[in-house]
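K.L.:
My request is simple: use the sequences and hints to build the entire structure.
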Amino acid sequence: MALNQPDIRELKSLVDWVNTTPDVRELSIKYGDVELFVSRNERTPASAPVAPAASTVPTGAAEQSPAPAAATAESATPASAPTHGVAPKPAAAAAEDEVTITAPMVGTFYSAPNPGAPAFVEVGDRVSADSVLCILEVMKLMNNVEAKVDGVVTEILVENNEAVEFGQPLMVIKRDS
Amino acid sequence: MALNQPDIRELKSLVDWVNTTPDVRELSIKYGDVELFVSRNERTPASAPVAPAASTVPTGAAEQSPAPAAATAESATPASAPTHGVAPKPAAAAAEDEVTITAPMVGTFYSAPNPGAPAFVEVGDRVSADSVLCILEVMKLMNNVEAKVDGVVTEILVENNEAVEFGQPLMVIKRDS
Amino acid sequence: MTAKQLNSILIANRGEIALRIVRACKELGITSVLAYSEADRSSLPVKLADRAVCIGPASASKSYQDPRAIISAALAFKVDAIHPGYGFLAENADFAEMCETEGVGFVGPASSIIRNMGDKIQAKKIARRAGVPTVPGSDGAIAQHAEAVAVANEVGYPLLIKASAGGGGRGMRVVESAETLERDLAEIMSEAETAFGDPAVYLERYLTDIRHIEIQVVSDGESTVHLGERDCTAQRRNQKLVEESPSPVLDEELRVSLAEAAVALCQEVGYRNAGTVEFVFDNLERRYYFIEMNTRIQVEHPVSEMVTGIDLIKLQLEIAAGNPLPIAQDDITIRGHAIECRINAEDPAQAFAPKPGRIESFRAPGGFGVRLDTHIETGYVIPPFYDSMVGKLIVWGNDRDEAIARALRALDEMHVEGVTTTAGFQRDILDSATFRSGDFNTAFVAEFLEGETA
Amino acid sequence: MTAKQLNSILIANRGEIALRIVRACKELGITSVLAYSEADRSSLPVKLADRAVCIGPASASKSYQDPRAIISAALAFKVDAIHPGYGFLAENADFAEMCETEGVGFVGPASSIIRNMGDKIQAKKIARRAGVPTVPGSDGAIAQHAEAVAVANEVGYPLLIKASAGGGGRGMRVVESAETLERDLAEIMSEAETAFGDPAVYLERYLTDIRHIEIQVVSDGESTVHLGERDCTAQRRNQKLVEESPSPVLDEELRVSLAEAAVALCQEVGYRNAGTVEFVFDNLERRYYFIEMNTRIQVEHPVSEMVTGIDLIKLQLEIAAGNPLPIAQDDITIRGHAIECRINAEDPAQAFAPKPGRIESFRAPGGFGVRLDTHIETGYVIPPFYDSMVGKLIVWGNDRDEAIARALRALDEMHVEGVTTTAGFQRDILDSATFRSGDFNTAFVAEFLEGETA
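Residue numbers (the working numbering), protein chains in the order written: chain A, 1 to 177; chain B, 1 to 177; chain C, 1 to 454; chain D, 1 to 454.
Hints are all accurate, no fakes.
With a Cα cut of at most 30 Å, we get these calculated DSSO-like pairs of lysine-lysine: (1) D/LYS4 / D/LYS78; (2) C/LYS78 / B/LYS140; (3) C/LYS240 / C/LYS120; (4) C/LYS47 / D/LYS355; (5) A/LYS140 / D/LYS4; (6) A/LYS140 / D/LYS62; (7) C/LYS240 / C/LYS124.
What the hints contain is simulated information worked out from the structure, not anything from laboratory work.
Source: prediction; values computed, not measured.
P.N.:
Below you can see the structure in the form of C-alpha cells.
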C-alpha cells in the first residue's frame, strides 16, 4: 500500500464530494491496491464514517465484473452471472429486515427463464441465498440475479421485459430473522 | 378616504415588498388621500409594523418638493430651499442621540455660502434647528440644508464641492438631551 | 475605432435596459454611471455599473422620471451625456431641452424632433411631406356635411367617423359602405352637436385586419441606415408580447418599400439617433401606413441586433459622441430569423395581474442562439413600483421554424421560482398553430385567450 | 424539414456537451435519453433530458466509458442511435464497431474510419494520398545511416531525429543545420543501438514557431462542406484554452487552401459525420501541415456555429438519420468573429489543480453576442471523477476587437461562488497585449505564465 501526497489529496476530495452531495449514500473506490468504502447514515446528517477497507468489504462495484461465460440470446440456461448489489430499500418505509434487490447493470429485466415459462419467483415465495430471482439481459448476455439472503419475496417492482437502470430496485425480500 | 379592491391589493403588494426586501427600513406612500408609513426595526427581524398614517407623519418624500424660488448660479444668497430628511445614522455605531443629516437630493455639496468664504459649520460647532449646515446645488439652484435639531456637529462626512447622492449622509449632529 | 468617444455617461433608467447599456459601455470602455432609485439599490445593474448614484426614492416621479434629479446627477457627477433608455424620460421633449440648456449631452435626437414626432398630427404631416403613406383620412376636423361626404368618398370604406370633441369611444361610428354614409354622417354630426356643442368630425379609413410592422433606423443627422423590419403583431391590449424579424408576411418589394419610407422620414427631419418608424400593415390590401415614430431605443431592439449583428446601443453612443455613422446600408445584411418574448412578472390566470416578489431561484436558459437580457437573479426582489417586465428572451435561428423551436426550448429551460411569470403563456402563444403559420393580425392574442377560456 | 428523422437517441456523455445535445434534440423533436452515472444523478442535463437512465457508478470505466453499459442501455431503452459527445467513447473504434454489430445507430463515422484516423501513421498516409501536406519527414523508420542522411537533407532543417524504439523524450535530438547532421545522426543511431538494441530513427521537420489551426467539416458520406477554420493556438500543456474563428493570421488564399485540403481528406475516405481536420501552421514559412483528424464533435465547435449560424449537433443528427447534407458550401458564410474560453474548476495559483466542490452561487453572463454552454447552476456539486471543465463562454462580435471586448465583459459579469475557476486567468490571457495583437504561437500561454511569476 503506497499512497503519495497527490493520491491522498484526490481521495480527500472524493470524500469531501460525498459529504457535500446530498444524494450519495455509499461510495466505493479502488485506488491502486487500496479500497475505500464510505457509507453514510440516511437519517442522521453526521459526518460519514471513512474506513480504509480490505477487499473483504463487499462493495457493489467489485461484484459487477462481467460474467466470464458467454451466452447467446437463445440460450435457455442463463449463463452464470454477476451477483448483484444488496442495499437497504431506499424508500422511507423500508423496514430493517427488508432488503432491496437492485439492478447490477442497465439492461432488460426478465422474470422467467424463457418466454412463457413460469416466473422464477412470485410475491410470497420463500427464497434462499442462491435462489435466482430474475434475469438481466445485458447485450444478449443473460445474467442471473440471485437473492443472496434467505427470506420471503414481499414485492416485485418491475414488469417482465422492462428496461431497468443501474441500481434500480427490482424486488424486496423480507429477510429471515 | 376611498380605497377600492385593486388599490388595497396594490398597497398590500407594496407592504409585501418591504417585508421581503432586506435593505428597506422605511417606506412612505401617498396614495390618493391615504398616506402609508412603514418602518422596520433594524435589529429584530420581526414583521414590520404597518400603520395607516395621517399627513402629519413626517415622511421624507413629502418634504422634497422643489424650492419655489428660482436662483441662478451666480446668486450669492442661496434660495430658500427644501428641507432635508433626518434619519438615524445608518452606521452600526450610531448612538441614539446622534442624527445623521442626509442629502435630500442628488447634487453638489458646498460647505460655505461662497467660494473662499468660511464654512457654515465646523466639527464641534453648536447648531440650532434653523442653522444652515451646507448648500446643495441642484441644477444651479442653491438649496440650504438646515440642522432641524439643536446640538453639536460631531462629523462632516463630505468634502466641499463633492457630488453627493440622494440620501447620502452629510453630517452627524449630537442632539441635545 | 472611431475618432471621438464619450468618457462617461449617466444611465437614467433601470432593469434590463440599464444593464444593456452598462454592457455596451463596458465593451466600449465608457465609464457607466447608473442613476438609481432607493428601490433598486441592490439590483444587478447597480452591481455591474462602474458607478451607481442614488437619485431619489422608489417613486419614479421622484427619481427616474424627475428631470431635475437626473440632470443634477449628470452635472454633479460630471458625465458627458445621459442615456435615457426607454420609457421614463426617453421621449420627453422638455427633458431633452433641459439637457440642451444645461449643456449635458443627451443620447437621443434634438428636443425639437422629439416634440414634433411626439405630436401625432405633426408627425403625420411630416410623413406626408416625406412621401410616406399615412392612414387615409381627413386632414383635420370637418364641420360641413357636404365637405365630409366628399372627403369620406375619397378616403374609402370601411370608414371611421370620430366626433372632433368626442373621446373615450364616444361619438364614433364605423361606416361600412357609401350607401349609409350620408345618413350616418348626419346622425353622428347632430349627436356631436347635441352632446359636445360641436358637430365637427374626423374621418379615417377603418382598418381591422392589420399587422404592426416597424423599421429600425439609425441616423447621424446626415445619413440614415435601416436594419430591416420588426413584426410586432402579437400584442395584448396594445402591449407587445412577441416581436420578430423578418416579418413573416412581407415580400421583398414591400420590405424595401417600407424601409425606404422609414429612411425618407428620417432624412426629412435630419434625424440623429437610433429610432423606430412604426407602420400598420393592412393584410387585405397589403399596404402599409405610417402611424408614429419612436425617437429612442426600443424594448425589442435586440431582434434587429440578432439578425444584423449590429449593436444598436453602441451605435447610439457613437452618434451621441458626434461621430458619423460607421456603417453604410451595404454593410447591413439580414441573416436568419430572430424572435423576442417579453417575460413579465404577471399571472396570466389572474388577468395578467403584476406579481412583484422575491425570486427564490433563477436559472437562465443557455446554448446556441439564445440571448437573455434580464436584470433578475436568484434572491432579487422585484419592486412593485415599476413595470412588470423582468426580462427578454431573444432567440436566433436559421429560419423562423428553427427560431420558434429554439424559443420553446429556451422557455422550457428557464427556471424562475418564487414569482409567477408569463413564460408559460409565451410558450403557448409561440406553440400555437396560428403563430406558427405566421398568418394572423393584431387580434390574434385576444382571440387566443378567448379560445383558451372557451 | 428533412425526409428522415431519428425518434430517439441515447446521449452517452455528461456535462455541458450532454446538455448541448439535449438542447439540439429538443429543438428537433427527438426524444433525448441521457445515460448518466450515479455521480451525475442531480445534474442539469439529467433534469433537462426527456429521459435519464442511470448506467453505472461514478467511475467512468464502469459508466461513460463502459461500452457494454452504454450499448445495453441503448438496446434496453430502444433508442435509434447513440450520440457519444466528445471524450469517453467518442473516438473508440471498438465501441463504434460494437454498435454496428449490435445494430445500434452511432452518431459518428464507420468504425473503420475512426480506426484509420486514430492511427497517426495511417492518417498521415491517407492525407498524403489526398494531396494534403503533412509535416515533412521520413515515411517510416530508417536503420541505414546513408539513407537517413539522404532523407534528412530532403526534409530540411531544423530537423528532429527520434529513435524508433525511444519514447518519453529519450533518444531525441534537434539538428539545426546540415553541418552537424552526419555526426548527430551517427551519435543518435549508436546511442539507440546501445540503449534499445535498434538503431532505426524517424526524421521529421522540427517546427517551433507554430499555430494550431483546424478546419470544421461536415460530410454525409458523399459530399463535404467546411465551416471555416478555428485557431486554437492558445494552449497550456497541449490543452486548448481559447479558440477563435477566423484565425487572425490567415489570408484569404491560405484560408481557402486549408479548407480545401480538409475537404479533400474527407472525400478521400468517404467521411460521414461532423469532424475536425487539424493542422500545424508554420508562422515563419506560412505553410500548413496536416497532423490529425478528430472524427467527432469537438469542445470548441460553438466557435464555428457562432460565425456560420449553423447548428453542428443538428447536422450530426440529420446525417446519422441517413439524410444528405441539407446545405451546400455556397450556403455557408462566415460573419464576424467568435471566441471561446474554456472555464475550468481549477486554481491557476496552484498549478491549475482541479477544484471540485459545491457551487454556492452562480450567475451566468448575458446580453448580446454572449453564449454560455454550461451544466453548472447554483447548488451544483462538481464531482471529482471527471474532467474539470465547467463551461464554455462563447462570444461573437463584428470583429476580433469587439469579440475580445465582449469576452472580457462577460468574464467580468460571470459570477461563480464556492469553487475556484480559470475565468480570471482567461481574462488575463485575453486582455494581454500579445493575445490582442493576434501575433503569437503555441508557446504563448507558457510564456505568459512565466512572465506573470517572473
